[in-house]
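Novice: Given the sequences, and given the hints that come with them, work out the whole structure.
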Amino acid sequence: MAISIKTEKEIAIMREASDILIETHKYMAKHMKVGITTRELNNLADSFIRSNKAVPSFKGLYGYPASACISINEEVVHGLPTQRKLKNGDIVSIDMGVFYKGYHSDAARTHAIGNVAPETLELIKVTKQSFFEAMKFARAGNHLGQISQAIQDYCESHGYGVVRDLVGHGIGKKVHEDPQIPNYKPRGRGVLLEPGMTFAIEPMINLGTWQVYVMSDNWTYVTRDGLPSAHYENTIVITDADPLILTLEPEERL
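Residue numbering for the sequence shown follows my numbering, starting at 1 and increasing by one per position.
One thing to keep in mind: the hints can contain errors.
[Stated by the list, open to error] Listed below are the simulated DSBU-like cross-link pairs for lysine-lysine, each with C-alpha atoms no more than 35 Å apart in a straight line:
#1 K173 to K26
#2 K174 to K128
#3 K6 to K101
#4 K136 to K101
#5 K125 to K136
#6 K53 to K6
#7 K9 to K136
#8 K26 to K136
#9 K125 to K6
#10 K101 to K125
#11 K26 to K53
#12 K33 to K9
#13 K6 to K85
#14 K101 to K30
#15 K136 to K6
#16 K185 to K53
#17 K26 to K125
#18 K174 to K185
#19 K85 to K33
#20 K125 to K185
#21 K87 to K6
#22 K6 to K185
#23 K6 to K33
#24 K59 to K125
#25 K59 to K87
#26 K26 to K85
#27 K174 to K6
#28 K85 to K125
#29 K128 to K185
#30 K33 to K53
#31 K9 to K85
#32 K101 to K9
#33 K87 to K9
#34 K53 to K30
It is worth saying that the hints were derived from the structure and are not from the lab.
Specialist: In structure tokens, the structure reads:
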């Protein structure tokens, strides 16, 4: 396994890609309303990314036909855009990547549409917070497994299921680089973290069981018990101190 260490120049480009992705997520949030179709959302994302002289990372990746992964309620990830309309009470995760000047950035957010059940809103909140719990360990000298375990411990302490079948990953010149980064404690401690490592950390957390399966479209993962799932993801850079969270909205940065 070869983990790429990025230079300051490479990180600067990834920050530019991430800035475009931040703006794309903000733009998409404005359109997350009852009645819009996921296909319309995908087209908006595609147009916005391209208008910033970037390319959607996911379009054509492993044959994926769309520019955004849009997953509703029990859909975990890789939801295909269709004519399905958003309804009051839905939760919608949108996972997008940006390719700019030879480098990728990747981030996901889960949105509540209208009046969402309190227990589902809590799932979204805990999923997001689990990412920040993990960031306490995301620094040079620690091990990758500490990031994974922090996510698992926090989410399971709230009674949620931590998806096993899907993981985070390294990122840079490719969307998916080494290493794979599970959201649960792996065997062993994992690799030693070094400055310049760039990762996409993405808790995928279910209200019920951790078990999932793939639908007949061969893309969309759904929860085995049909209960909701939430997804939160950022692209980060390991440093000797706190990590750089490249895709974090400015208003959320410390």
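Novice: All the hints need checking, so say for each whether the structure fits it.
Specialist: Evaluated hints:
Under the criterion of a C-alpha separation no larger than 35 Å, the hint pairing K173 with K26 is consistent with the structure, at around 24 Å. A threshold of 35 Å between alpha carbons decides the hint, and for K174 with K128 the separation of about 25 Å falls inside it, so the pair holds. Of the supplied pair hints, the one linking K6 and K101 holds, its CA atoms being roughly 14 Å apart against a limit of 35 Å. With a C-alpha separation of about 30 Å, the suggested pair K136 and K101 falls inside the 35 Å cut-off, and the hint holds.
For the hint linking K125 to K136, the alpha-carbon distance of about 18 Å falls within 35 Å, and the restraint holds. Pair hint K53 plus K6 holds up; C-alpha atoms about 23 Å apart against a cutoff of 35 Å. Note on K9 and K136: the hinted pairing holds, with a Cα-Cα distance of about 25 Å set against a maximum of 35 Å. With a C-alpha separation of about 26 Å, the suggested pairing of K26 with K136 holds against the 35 Å cut-off.
Straight-line distance between C-alpha atoms of K125 and K6 comes to about 31 Å, which keeps the hinted pair within the 35 Å bound. Proximity of K101 to K125 is assessed by CA-CA distance (about 34 Å); at most 35 Å being required, the pair is judged to hold. Of the pairs offered as hints, the one joining K26 and K53 holds, with about 17 Å between alpha carbons and a cut-off of 35 Å not exceeded. About 39 Å separates the Cα atoms of K33 and K9, which puts this hinted pair outside 35 Å; it is violated.
Proximity of K6 to K85 is assessed by CA-CA distance (about 41 Å); at most 35 Å being required, the pair is judged violated. Distance hint between K101 and K30 is fulfilled; the C-alpha atoms sit about 27 Å from each other, no more than 35 Å. Pair hint K136 plus K6 holds up; C-alpha atoms about 21 Å apart against a cutoff of 35 Å. Only pairs whose Cα atoms come within 35 Å are accepted, and K185 paired with K53 is rejected, the gap being roughly 39 Å.
Our distance criterion of 35 Å between C-alpha atoms is met by K26 and K125, whose separation comes to about 18 Å. Straight-line distance between C-alpha atoms of K174 and K185 comes to about 25 Å, which keeps the hinted pair within the 35 Å bound. Of the pairs offered as hints, the one joining K85 and K33 holds, with about 9 Å between alpha carbons and a cut-off of 35 Å not exceeded. At most 35 Å may separate the alpha-carbon atoms for a hinted pair to count; K125 and K185 meet this at roughly 21 Å.
As the CA atoms of K87 and K6 are separated by approximately 42 Å, the hinted pair breaks the 35 Å bound. Annotation: proposed proximity of K6 to K185 holds, straight-line Cα distance about 26 Å (limit 35 Å). Restraint check for K6 and K33: not satisfied, since their Cα atoms lie roughly 39 Å apart, outside the 35 Å limit. For the hint pairing K59 with K125, the CA-to-CA distance comes to about 29 Å; that is within 35 Å, so the pair holds.
This hinted pair checks out: K59 and K87 have alpha carbons roughly 26 Å apart, not beyond 35 Å. Between K26 and K85 the CA atoms are separated by roughly 20 Å; this keeps the pair inside 35 Å, and the hint holds. Annotation: proposed proximity of K174 to K6 holds, straight-line Cα distance about 13 Å (limit 35 Å). For the given pair, K85 sits about 24 Å from K125 by alpha-carbon distance, which is consistent with the 35 Å threshold.
Under the criterion of a C-alpha separation no larger than 35 Å, the hint pairing K128 with K185 is consistent with the structure, at around 18 Å. For the hint linking K33 to K53, the alpha-carbon distance of about 27 Å falls within 35 Å, and the restraint holds. Taking the CA atoms of K9 and K85, the gap is near 42 Å; set against the 35 Å cutoff, the hint is violated. Between the alpha carbons of K101 and K9 the distance comes to roughly 11 Å, so the proposed pair stays at or under 35 Å and holds.
Restraint check for K87 and K9: not satisfied, since their Cα atoms lie roughly 44 Å apart, outside the 35 Å limit. Among the hinted pairs, K53 with K30 is consistent with the structure: their alpha-carbon atoms are about 21 Å apart, no more than 35 Å.
When each numbered hint is compared with the structure, violations occur for hints 12, 13, 16, 21, 23, 31 and 33.
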